[in-house]
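**Student:** Each protein sequence line maps, in turn, to chains F and Y. Position 90 of the first sequence, counting from 1, maps to 90 under UniProt numbering, and the rest follow consecutively. Position 218 of the second sequence, counting from 1, maps to 218 under UniProt numbering, and the rest follow consecutively.
Please note that a few of the clues may not be correct.
SDA-like, lysine to any residue: derived pairs with alpha carbons at most 20 Å apart [as the list claims (entries may be wrong)]:
#, chain 1, residue 1, chain 2, residue 2
1, F, K116, Y, H65
2, F, K133, Y, S389
3, Y, K217, F, M157
4, F, K132, Y, T53
5, Y, K490, Y, Y298
6, Y, K522, Y, L567
7, Y, K402, F, E154
8, Y, K424, Y, E391
9, F, K143, Y, Q44
10, F, K133, Y, K392
11, F, K80, F, L52
12, Y, K402, F, L115
13, Y, K504, Y, E391
14, Y, K304, Y, S483
15, F, K133, Y, L63
16, Y, K402, F, H155
17, Y, K66, F, G126
18, Y, K423, Y, V460
19, Y, K553, Y, H542
20, Y, K402, Y, L412
21, Y, K392, F, N134
22, F, K132, Y, H65
23, Y, K402, Y, K423
24, F, K132, Y, Y71
Think of the hints as simulated: they come from the structure by calculation, not from any bench.
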Amino acid sequence: YINVLDSLYLCISRAGRTDLIPSIKLRHCCLLRNQRCLSAYLYDRLLRIRALRWEYGSVLPPNIRFHMCSEELQWFNQYKKSLANFMRSVGGEEGLDITQDMKPPKSLYIEVRCLKDHGEFEIDDGTIILLKKNSQHFLPRWKCEQLIRQGVLEHVMS
Amino acid sequence: MFVTDIRKEFYDVVINQRVALLVATDIDALCACKVLQALFHCDQVQYTLVPVTGWQDLGTAFLEHKEQFRYFVLLNCGANVDLLEMLQPDDDSIFFICDTHRPVDVVNVYNDSQVIKLLIKQDDDLGVPSYDDIFRDEDEEADDSGNESDGGSEPAGKRKRYDEGAVERRIERQRAKREWEARRREILFDYEQYEYHGTSASLVIFELAWVLTKDNKDMLWWAVIGLTDQWVHDKITHMKYVTDIATMQRHVSRHNHRNEDEDNSLSIDCMRISFEYDLRLTLYQHWSLFESICNSTYTSCNFKLWSLNGQKKLQEFLADMGLPLKQVRQKFHSMDMVIKENLREVIEESSNKYGMKDIRIQTFGVHFGFKNRFLASDVVHAAAALLESTEKDESASDNFIKALDCLSRSNLERLHLGIDLAKKKLIAIQQTVASCICTNLILSQGPFLYCYLMEGTPDVRLFSKPMALTLLCKYLLKAFVSSTRNKRCKLLPLVMAAPLDVEKGTVIVLGIPPDSDTSDKKNFFGRAFEKAAESTSSRSLHDHFDTSIIELKMEDRTKFLDALITLLS
Chain F
1 YINVLDSLYL CISRAGRTDL IPSIKLRHCC LLRNQRCLSA YLYDRLLRIR ALRWEYGSVL
61 PPNIRFHMCS EELQWFNQYK KSLANFMRSV GGEEGLDITQ DMKPPKSLYI EVRCLKDHGE
121 FEIDDGTIIL LKKNSQHFLP RWKCEQLIRQ GVLEHVMS
Chain Y
1 MFVTDIRKEF YDVVINQRVA LLVATDIDAL CACKVLQALF HCDQVQYTLV PVTGWQDLGT
61 AFLEHKEQFR YFVLLNCGAN VDLLEMLQPD DDSIFFICDT HRPVDVVNVY NDSQVIKLLI
121 KQDDDLGVPS YDDIFRDEDE EADDSGNESD GGSEPAGKRK RYDEGAVERR IERQRAKREW
181 EARRREILFD YEQYEYHGTS ASLVIFELAW VLTKDNKDML WWAVIGLTDQ WVHDKITHMK
241 YVTDIATMQR HVSRHNHRNE DEDNSLSIDC MRISFEYDLR LTLYQHWSLF ESICNSTYTS
301 CNFKLWSLNG QKKLQEFLAD MGLPLKQVRQ KFHSMDMVIK ENLREVIEES SNKYGMKDIR
361 IQTFGVHFGF KNRFLASDVV HAAAALLEST EKDESASDNF IKALDCLSRS NLERLHLGID
421 LAKKKLIAIQ QTVASCICTN LILSQGPFLY CYLMEGTPDV RLFSKPMALT LLCKYLLKAF
481 VSSTRNKRCK LLPLVMAAPL DVEKGTVIVL GIPPDSDTSD KKNFFGRAFE KAAESTSSRS
541 LHDHFDTSII ELKMEDRTKF LDALITLLS
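With the rest of the complex left out, here is chain F (with noise of 0.2 Å):
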């Protein structure tokens, strides 16, 4: 830009017109600031896609796809890589899944109240349960996670 800004000032001056430099100074201003906004909130969106893989995981849901551009989407999936990578780099031969137990758990089972209607939910040996507005249920703690994260269940404290 600094060479284009230069070749600008030699042709005015040149021109004779160097009354035109203050505004030309004034609109490469206001394209510096259009710039470093459009660079922020693109950053920022970064910032959340990177966020989404820990709060929904490896597979995003169609309607957050919908808002993702491809470059963003390509992001997002070499993202994914890395983040694989490390994991299974860390923790021996299988790998070590780090986006479970975000906080220190406390005990195996926890107790979840359902905030709405979820429908039904399978875990790890098979049975499904109804998930329900405002029934409760005493789970694993990993199955739930997920939805704990996503707002479909509530940790219930007593």
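Let chain F serve as the given structure and place chain Y on it in line with the hints.
**Tutor:** The following block gives chain Y in isolation, referenced to the frame of chain F:
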């Protein structure tokens, strides 16, 4: 069938399984639920908790969950109907029923197929008829035809005699059978006629916790609240209440002596449960003494506070005790320490002079932290007010969750909110009673008294809920008995109707037995309502677990009442 060893036959069976908990909407069931939840948390038994408000809800909940769960625990529902017929479960569902409703349906008791297990103490006066009186083996029928065919294979000469003998025997057997069936009908009628309540569910579950030595003070407190709920809503006799209080007192002493002695006393923040011989003034520690006296059934009925005379008597009473009006109208916490010190004894002495011999009642209180002291009845009223709150956007299950939460010690704001709602409810009850008595809204219909709350009555929405309406009913009957001069009317039961849903045009009708000190609290209105509704083909819904509470279409009210009058005369 009854369970004899609750640990082996119930807890050890479900401990490695997933359980569906179906809980009725009354405070005793909520307390039993909390104790059972705490036990399940200890042993990591996975469960799903579903609140049920009536038989239809129970059926729906069962259908929704029968695919996923094999074990169902029913708290305060299911004992008084033939559950197998109602739910039609598949072969592998097993039900554990812990219910205070009596009488227990005979099919549930004598069911052989291991499907229904009753977690009910058998030393309650259950009065279940013996097996032979109501069930007849089918083999006896086969004998008849067997004999006849034997008789037929004999040679012709002897056959004639055998025939006569066989015919006589047959006639004899048929007569015996008819007699047996008539006796059976009579026995069943006597058994099922009166509805009443047994030991609280929370006490049964607490005793399970005790047997497992996993009981703690929180569970004990919940058991106390469950028992107190039965007393507040007048479900058990005074004798039974006192007996159960003695049982609880043993547990309380056991828990208290464990931790506290001269050298290491507990921190003030720890929970302490103490036996209290406290005043029967509802919520008095969270209100002002004056308000509490005006809004408690016992004092209000004894003074007849709906009349001017009664108000004067109250002023005299307060003057007699030397309590200045200014103090008495203040919040209890802000009353002078000097007055608060001997308050109970002072009030008891004065009450004796005014004819109130039982102003004090045995109960328990809890205290943790400097500010938090609650009597068991305070918590019962708060939880009941939350459970039946009539805010527009809240469904029954929202209220259930709120009431369940307020029982935990960590949700004190909710408990205080409940106490505020309870105060409003008690004031509404008192005002409704006053207006009913003063405008003579209670009419004698012959075999019972009847009162109908019109649609425009203030706070009538509060009384569309069963527990609130029950409280109002009992209060109203006591007030009526103390204000009427008609001796016959004092011995009559009361039927009350209030609008339930104005759009659908339904009313809620409930009946309570007559008021007396020695009443055994047995209620015959369940069967009476059923028969009256049948005979007039009124559009009624017998959905509540208490059969003495039904819903009825407004238009059918009059003919239903007429049928009830004829039935009970």
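**Student:** If you test the structure against every hint from before, which numbers come out violated?
**Tutor:** Checked against the structure, no hint fails, so every one of them is satisfied.
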